[in-house]
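Undergrad: Listed below are the residues making up each chain.
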Amino acid sequence: MIQLGHIASVIGLVTGAFLINIPLGYAREKSKKYSLKWFVLIHLSIPFMIAARLFLHVEFKYVPFIIIGAICGQFSSKVGDKLFKFFSSVKLAAVLIAVIAFTSIIGTIIEQNGDPQNNLKLIERIFGISSAPNIYSIFYSLGFMDMYHSIWFIAILVLFCLNLIICSLDRLPRISKIVNEPLSPLKSGAASKFSIHKELNLKGNIENYRGKIEIFFKKLGFYPIEAASDIETQFYAQKGAFTRYGIYVTHLSIIIILIGSVIGVFFGFDGFLNLPEGEVSDVAFHKNGSGEQKLGFSIRCDDFNVEFYKDTDRPMRYISWLTILKYNKEVKKQVIEVNTPLKYEGYTFYQANYGPMPPGKGVIVLRVTPNGEAEEILKLKVGESFNLAGTNLTATVVQFAPALAFDKDWKPFNYTEMMNNPAVFVVFKEKEETKLSWWVQKRYNKTWEIPGGHKIELIDNWGGQYTGLQVRKDPGVWLVYLGFMLMVIGLFFAMFTSHKKMWVIMSSEKGRVIINIAASANKNRTAFEEKIDNLSKLLS
Amino acid sequence: MGSSEFFGLATIGYIVAMMFYITYLVIKNKTIGIIGTTITVASFVSHTAAFILRWVESYQLGMGRAPLTNLFESLTFFVWCLILGYLIIEITYKTRSFGAFITPIAGMALGFIELSGISKDIEPLMPALQSNWLLAHVMMSFISYSAFALSFATAMMYLILKTKDKKEPFYIFWILACGMFFIVLAGMAIDFIQFKLITKTSGELITNFLFKATFRAESPFVVITSWLVSIIFILGLWQYGYILRNTIEYFKISEKVLEDLTYKTITIGFPIFTLGGLIFGAVWADQAWGVYWSWDPKETWSLITWLIYAFFLHTRYIAGWRGNRIAAVAVSGFIAVIFTYLGVNLFLSGLHSYGGMK
Ligand code: HEM
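Protein chains in written order, with my numbering: chain A, 72 to 611; chain B, 559 to 916.
Take the hints with a grain of salt, since some may be wrong.
[Stated by the list, open to error] Only pairs whose alpha carbons sit at most 16 Å apart, straight line, appear in this in silico EDC-like list of lysine to aspartate or glutamate:
#1 A/K156 <-> A/D241
#2 A/K513 <-> A/E528
#3 A/K594 <-> B/D818
#4 B/K720 <-> B/E615
#5 A/K594 <-> B/E817
#6 A/K274 <-> A/E580
#7 B/K856 <-> A/E182
#8 A/K149 <-> A/E100
#9 A/K404 <-> A/E416
#10 A/K269 <-> A/E600
#11 A/K381 <-> B/E681
#12 A/K432 <-> A/D374
[Said to hold, decoys possible] Estimated spans, in silico, between C-beta atoms of each pair:
#13 A/E270 <-> B/D854: 57 to 67 Å
#14 A/I225 <-> B/P727: 25 to 35 Å
#15 B/R774 <-> A/S212: 29 to 39 Å
#16 A/L240 <-> B/P727: 29 to 39 Å
#17 A/N458 <-> B/D854: 54 to 64 Å
To be clear, the hints were calculated from the coordinates, so they are not data collected in a lab.
A quick note: this is a predicted structure, and the numbers were derived from the prediction, not measured.
For every residue, glycine included, the Cβ atom is placed at its ideal position computed from N, Cα and C.
If we strip away everything but chain A, and leave its shape as in the complex, we get (with noise of 0.2 Å):
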């Protein structure tokens, strides 16, 4: 991972080389090339920027950055126009996105974070076993094994940004004055140069035709304007102007949800709490091991319980019983599952994974129903008894399994440790002389009836498990969904919706009208010719 602290250094180490030499390079400009001044001007920053890095403990590996830098700073007044020119290119954005495909191809074959036995052997592999160490090493140095957080892939990220965003700020003056130029009528002659073009030749007068046009725009969704000389009357309209910002609002949201995902990864916390059933937690701890981190509230499992497909071990549900406290108040309770988390002051607790607590953690809860009796619920731990009302009975519960299976000579087994059939074994005595004894199984219920009409159910091993949670806290996460929200709004306009203008002209003559329709649309041109087409045999 990338400090917070050191990335400062870089950055204003690489901006400093940049600043110094603006002045240099100006002055370098003035005085004769190759003489010793020009020589000097252009080596000056050196000492310093070296002094410099060893000073701030930044890496030999960011000595190119602060090279471009320095460069960038000696060609300063040129550079402005020439890096607005370079950046404002769709072509830079082309060989962008190739390039971080690319990289990215590199980032799957080459497994990320992951053991380095695995790369090493993959590299052997490919490049044979002799050459694999250095090959490998080669490959750390450069931030192939954390590829996605390595500097020169973030470098190229930030190159893409402020590729989109000049590139942006270029062309939106222009599109803007698109979308708000109003509408003029046509010089007259102008219509047959249109790639949508129509020229129909009607009996009758213009007025004959002037509300059949109309009809003709409102079936196209348009409102026309018209406008007369002497000569012709003109319709003209324009429609979804605005829809052209539409790939404009697409980019913005990539940018929207690259910053979200930096403040994530700057401002957030990536961690996990195993919560026993019943007890409370006021921290939750670093995913990568650095400790833990106080929540400002506490936590508290009531509750844990896994559900099965029936019959099978398949799980079907995970579920946590959750109560928030703060101030040893109760103030939020909840019921989480997987795809169902728990959100509280900016953290979000997930139901990620379960596990057993030492054997003999726990109570037993039991609901017995005696034979005619009223039925009552108990809390036993094992090895304690209970007296079974209405009978001379004492039971006992001698053993708990978490996952009861037998064996083909009918010895009881746990077949995991994970409590996927818990069950207890339950004694019945009368008077020190064992009548009957009798596995109960949480999840069959055939098991529950125990001989004599009497009824046991075992509801849980409360204490029994720990419930594995997520703990995430990701401020920035509400700017990526919002990206998310924009970017799906931009494409469709983008890709949807067009901006179309449609003219018809018409001129008498000689007891005739002629009809000139001309139209344009910035996507998707044939549907709305198409359209024109079938409409305009309506005029005739």
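Here the structure of chain A is known, so what remains is to put chain B with the ligand in place on it, guided by the hints.
TA: Just chain B with the ligand, lined up with the frame of chain A:
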């Protein structure tokens, strides 16, 4: 009859239709083309019935859910969308000549289903997969994949039509892409024949049987022969590629129509893929685990696919990028789609140990 019978009928139908379409392209007999269309439509109806029945069956099994959750269901849905898209093109453009280029893509997906031995059962879902976001994600991803598949076919046809010189890079590009495609298809067919006719270890499915009869065979002789045959096939294709071009010319499909169709299908696929493939996938991951993006190979390959199509959309604004280059980008885009869906599981997981350890 249950969903699997209807699906079986549809599979056979699509394969037969593919053969009819290819024959139609070769001998240009109108009746053959009409038979091809008829079989395709009938198979499509049967496939639709299978889809609905499977949905009903999942309710009967007490797991009621849309049949779009596992690899089998999503691949068949892809085929369904692809055939639907194809039929729409056939009707609007009134030509059957696209059939021979599009049905093989369906054939490849169906062949993969049969050979990889992926489970066709309606299985209960893990908790993380029980999400409507995921459902929307899968459904929209595959709608967009089928749009991309159509653009792949039309871009390929464009390249075939436009490249005349055998030494031209784009000629070689389409020969390689087309050749590998058919080699993979043929490899699957051989696997299938060997598995069904010779090996016949019924019961145990042919998991990982892909290319076991050819490139991944036990005997080095078979492996070498397979490579030799493939190389000869590609050289032959290179030599006689002009026949394909003449055929497309014969059907009077203009390059403008092909270019248009490629662009149109991508403009339909791209927003759907953005919303369904990337955004809904991210929202689902965020709901389930609290990470909307984690750079895992599958996610990254979706991003690569998306970037390739973004590249495609921007090429219009770069001077000099017309025709062949753009078509080659469209072809590459769909290769990335295939890799996202199959390659990541088959190839990358084999490269690392995390696939093999299970
Ligand atoms: C460095 C980054 C990028 C730059 C500089 C850039 C620039 C541009 C420009 C100038 C246009 C033409 C807009 C117009 O018609 O006036 C455009 C179109 C477009 N851009 Fe980008 N873009 C970038 C990245 C992306 C990315 C990552 C996407 C992915 C969604 C994207 C999606 C689009 C789409 C969909 C269009 C519309 C293309 C069409 O109309 O066919 N752009 N871009």
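Undergrad: Give a verdict on every hint.
TA: Evaluated hints:
1. At roughly 9 Å between alpha-carbon atoms, A/K156 and A/D241 fall within 16 Å of each other, so this suggested pair holds.
2. With a C-alpha separation of about 7 Å, the suggested pair A/K513 and A/E528 falls inside the 16 Å cut-off, and the hint holds.
3. As the CA atoms of A/K594 and B/D818 are separated by approximately 12 Å, the hinted pair is consistent with the 16 Å bound.
4. About 49 Å separates the Cα atoms of B/K720 and B/E615, which puts this hinted pair outside 16 Å; it is violated.
5. Between A/K594 and B/E817, the direct Cα distance comes to roughly 15 Å. Compliance with the 16 Å bound is thereby established for this hinted pair.
6. About 10 Å separates the Cα atoms of A/K274 and A/E580, which keeps this hinted pair within 16 Å; it holds.
7. With a C-alpha separation of about 12 Å, the suggested pairing of B/K856 with A/E182 holds against the 16 Å cut-off.
8. As the CA atoms of A/K149 and A/E100 are separated by approximately 11 Å, the hinted pair is consistent with the 16 Å bound.
9. Taking the CA atoms of A/K404 and A/E416, the gap is near 14 Å; set against the 16 Å cutoff, the hint holds.
10. Taking the CA atoms of A/K269 and A/E600, the gap is near 10 Å; set against the 16 Å cutoff, the hint holds.
11. Proposed proximity of A/K381 and B/E681 is supported: the alpha carbons are some 12 Å apart, at most 16 Å.
12. In summary, the hint linking A/K432 to A/D374 is supported, as the alpha carbons are separated by about 14 Å, within the 16 Å threshold.
13. The supplied range of 57 to 67 Å is met by A/E270 and B/D854, whose beta-carbon atoms lie about 60 Å from each other.
14. At about 34 Å, the beta-carbon gap between A/I225 and B/P727 stays in the expected band of 25 to 35 Å.
15. The given range of 29 to 39 Å is respected by B/R774 and A/S212, whose C-beta atoms sit roughly 36 Å from each other.
16. Here the CB-CB span from A/L240 to B/P727 is close to 37 Å, well matched to the stated 29 to 39 Å.
17. Between A/N458 and B/D854, the C-beta spacing of about 57 Å keeps the proposed range 54 to 64 Å intact.
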